[in-house]
Amino acid sequence: QVTLRAGAELDAHRVNQYTLTLRAACPGEEEVEERLFVQVTAGEVLRCDAPFTVPVAGGPRSRSPHSLEDGGTLGMEEGTEVATLLLLPVSLQFRLRNQDTPLMLTHRGLVLAPASGFDPSKDTQTFRLEIEVMDRHGNNCSGAVTVEVLPSQRPTVTFHEPQRAVTVPEGTSPLEVITQVHASGDNVRYAILAPTVPVLFTIDEVTGEIRSTRRLEVSHTRLLIRAYNALHPADHATATINVTVQGMDRRAPSCVPAISVFQVPETVSPGTTLVTLRCTDPTGAEDCLHYGLEGPPASLSRFRMEGPELQVNTTLDYDSEAVAAVGFQFTATIVVTAGGQSPRSTRVPVLVTVTPVNEFTPACPNGADFTVLETAAFGSTVGRVAGSDRDYPPDSLEYSLEGDTGPTQPFSIDTRTGDIRVVGPLDSQRYKNYRLMVRLTDTHNDLDPAKRQSCLCEVVVRLQAVPNQLLVCTPEVQELRITAGLGSRQPVTRLACQGSPNGAALAYAIAGGNEDGRFWLEGNTLFYLPNDPAEPRTFVLLVEVWGGAGGPRRSTVVALVVHVTPRTTPVPPSTTTQHTTLQKELLVITRTEAAWLPPAWFVTVLTISSALLLAVLGCVARSLLLMAAFCSSRSNQAPGKLLLDKSSWDEVERRGGEEERGRPHASSPVRASAPSPVAQGQFDGRAQDPRTGRDYLFNSVTGARRWI
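Residue 53 in full-length UniProt numbering sits at position 53 of the sequence shown, with consecutive numbering throughout.
It should be emphasised that the hints constitute simulated quantities derived from the structure, not laboratory data. Using N, Cα and C, we set each Cβ at its ideal position, and we do this for glycine too. The reader is advised that the hints may include incorrect statements.
Unchecked claim - Simulated restraints, written as ranges between beta carbons of each label pair:
id : residue 1 : residue 2 : range
1  : A496      : R686      : 26 to 36 Å
2  : T443      : R694      : 47 to 57 Å
3  : P598      : E544      : 17 to 27 Å
4  : Q329      : V206      : 54 to 64 Å
5  : G295      : G517      : 52 to 62 Å
Can you make the complete structure from the sequences, with help from the hints?
So this is what it looks like as structure tokens:
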């Protein structure tokens with residue numbers, strides 16, 4: 001049997017024939033396939049004996065859920081489509097025959113819910129619709145449709161917390177979230193019912209967040225909040241929110257100490273507590289205080305906060321470059337914050353100074369062996385002892401030799417650089433090498449200067465013999481006195497040195513003391529370049545003499561002490577008219593003695609010290625003796641005149657000449673010159689003997705002297 005499918009619509013004008021393929025088979029036989037042709041013809045007959053077509057499958061029955069509206073009434077919105085009735089042909093009109101149903105039927109066959117909704121009920125409600133259908137030719141038929149209204153499954157809007165109390169601090173900023181309400185249901189929206197004035201708060205209609213509209217002051221506000229279904233406003237609920245704006249104490253916590261300054265040694269161990277803060281909160285909530293540390297990364301990595309305690313986090317190595325880069329001082333700030341919605345904080349500055357500790361002992365260098373020629377001159381550098389120390393500042397050492405300087409140890413060491421120098425004669429015949437004990441002592445490595453560490457280092461100085469002839473200058477130290485004259489240059493002395501092999505020429509050079517450039521060497525002759533000094537000056541010159549260009553260099557140093565006296569023109573009174581002018585010549589007296597030759601530096605220091613001492617003593621004695629002599633002579637003679645008996649002068653001259661011939665001098669006598677002639681037998685100058693230190697009067701023309 002072939003039937004028409006329910007809901008099928010046949011239109012002969014569109015499709016007038018259908019071809020159906022049918023297959024049939026009996027048990028044990030082969031399948032048979034045949035085709036069925038169905039022709040559709042246009043007709044004007046309207047039939048209602050077939051069921052109405054509704055959206056719910058299974059027959060003329062429609063199920064619609066009802067919802068809860070205001071007043072507790074179950075129903076659907078006005079115009080809600082419940083079912084659609086279709087009957088062929090499509091150009092039909094529908095009419096509801098019974099009036100005992102709340103449902104409505106349109107002329108197009110739409111079944112609508114009543115405008116007032118359905119009555120509330122927990123049971124299923126059934127409504128029967130008797131419908132008459134008419135086409136455009138007046139043909140009609142009738143049928144029935146049953147509609148079942150099911151109980152609503154939509155949840156109602158409900159607040160989980162109908163009442164709530166909220167406390168916020170005063171000064172809360174505008175648009176800051178105060179609290180949030182929540183209601184269950186579908187399509188829930190929120191609104192503030194009261195108060196409407198003043199508008200202190202606003203609510204987000206979707207999220208339920210309540211925010212302030214301006215900065216809050218101390219007050220108390222009661223908010224009435226409504227939650228409702230946006231599609232069914234009759235489904236709603238209310239809640240009460242009590243908002244209290246509470247005043248607060250804005251005073252920050254107070255801490256003792258308010259500033260922390262520490263001085264800790266570099267050996268302080270990690271975990272050591274430097275300070276414990278005692279902080280109080282004006283509100284009395286000390287348990288809510290939070291302690292933090294701010295500052296440069298170098299400080300944050302070396303210190304930490306454990307509650308109110310500032311502790312050392314890592315080692316504070318004074319000898320590291322990182323600590324030296326910050327000047328051995330670390331700065332940080334302890335931030336003490338009182339909790340709450342409006343935090344209040346106090347800052348405590350911290351300054352930590354790391355002090356040095358002398359931890360390490362100086363270390364000796366490796367291979368402290370040196371070689372020096374036995375002809376090394378005074379002051380020659382033998383080598384440098386380069387000790388080391390790991391304490392900061394690095395290698396801050398003092399050097400010293402154990403034992404006194406002497407024949408067995410003719411060396412000295414520079415306390416700062418560690419340079420070993422020759423300060424005495426070297427004899428390779430007696431000593432092949434010298435073993436020196438050098439003490440290395442660290443300095444400035446501890447806060448306490450007395451805490452110093454030292455070590456002994458053995459240094460070997462080997463002598464290298466020089467087979468060539470020694471270079472000797474006679475004498476090694478000279479003291480000369482000259483008077484600045486006229487002209488471009490003035491000869492001072494001529495050096496006498498020997499020892500160059502094969503008679504080779506020696507080289508001379510001024511090594512020191514000629515800062516003003518007043519002296520000049522030509523060969524072995526020393527010249528003075530006059531500059532008419534205003535006052536007497538003393539120059540200490542060091543002249544280096546060397547030779548042996550084809551082999552190892554041999555040199556020696558000659559010390560010259562030159563006293564330069566300014567040129568003067570005294571005109572003393574005279575009782576004679578006879579003048580004798582003699583040609584002046586430079587007189588250099590050299591004395592050679594076979595005696596122990598002390599080091600050059602010792603002779604120089606001793607000579608200068610003796611000359612200064614004798615000059616002071618001579619001045620004191622002269623002042624005391626001449627004061628009485630001149631006072632008595634002036635009482636008998638005319639002022640400004642000096643009358644001497646000729647026989648007395650002759651006796652003085654004779655004695656002075658004998659004394660000069662009988663006593664050799666180590667240096668040349670001082671002569672003062674005057675541009676104008678002086679009468680014989682009169683004295684126009686005064687000087688001091690460099691060897692004896694005695695004062696005498698002299699005649700610049702005849703050379704006669706008289707001892708005072």
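Here is what the structure says about each hint:
1. A496 with R686: 26 to 36 Å: At 31 Å between Cβs, range holds.
2. T443 with R694: 47 to 57 Å: Taking Cβ atoms as reference, T443 and R694 lie about 50 Å apart, which means the hint holds.
3. P598 with E544: 17 to 27 Å: Given about 19 Å between the Cβ atoms, the range holds.
4. Q329 with V206: 54 to 64 Å: Given about 58 Å between the Cβ atoms, the range holds.
5. G295 with G517: 52 to 62 Å: For G295 and G517 the Cβ distance comes to about 60 Å; the hint holds.
Going through the hint list in order, the structure satisfies each hint without exception.
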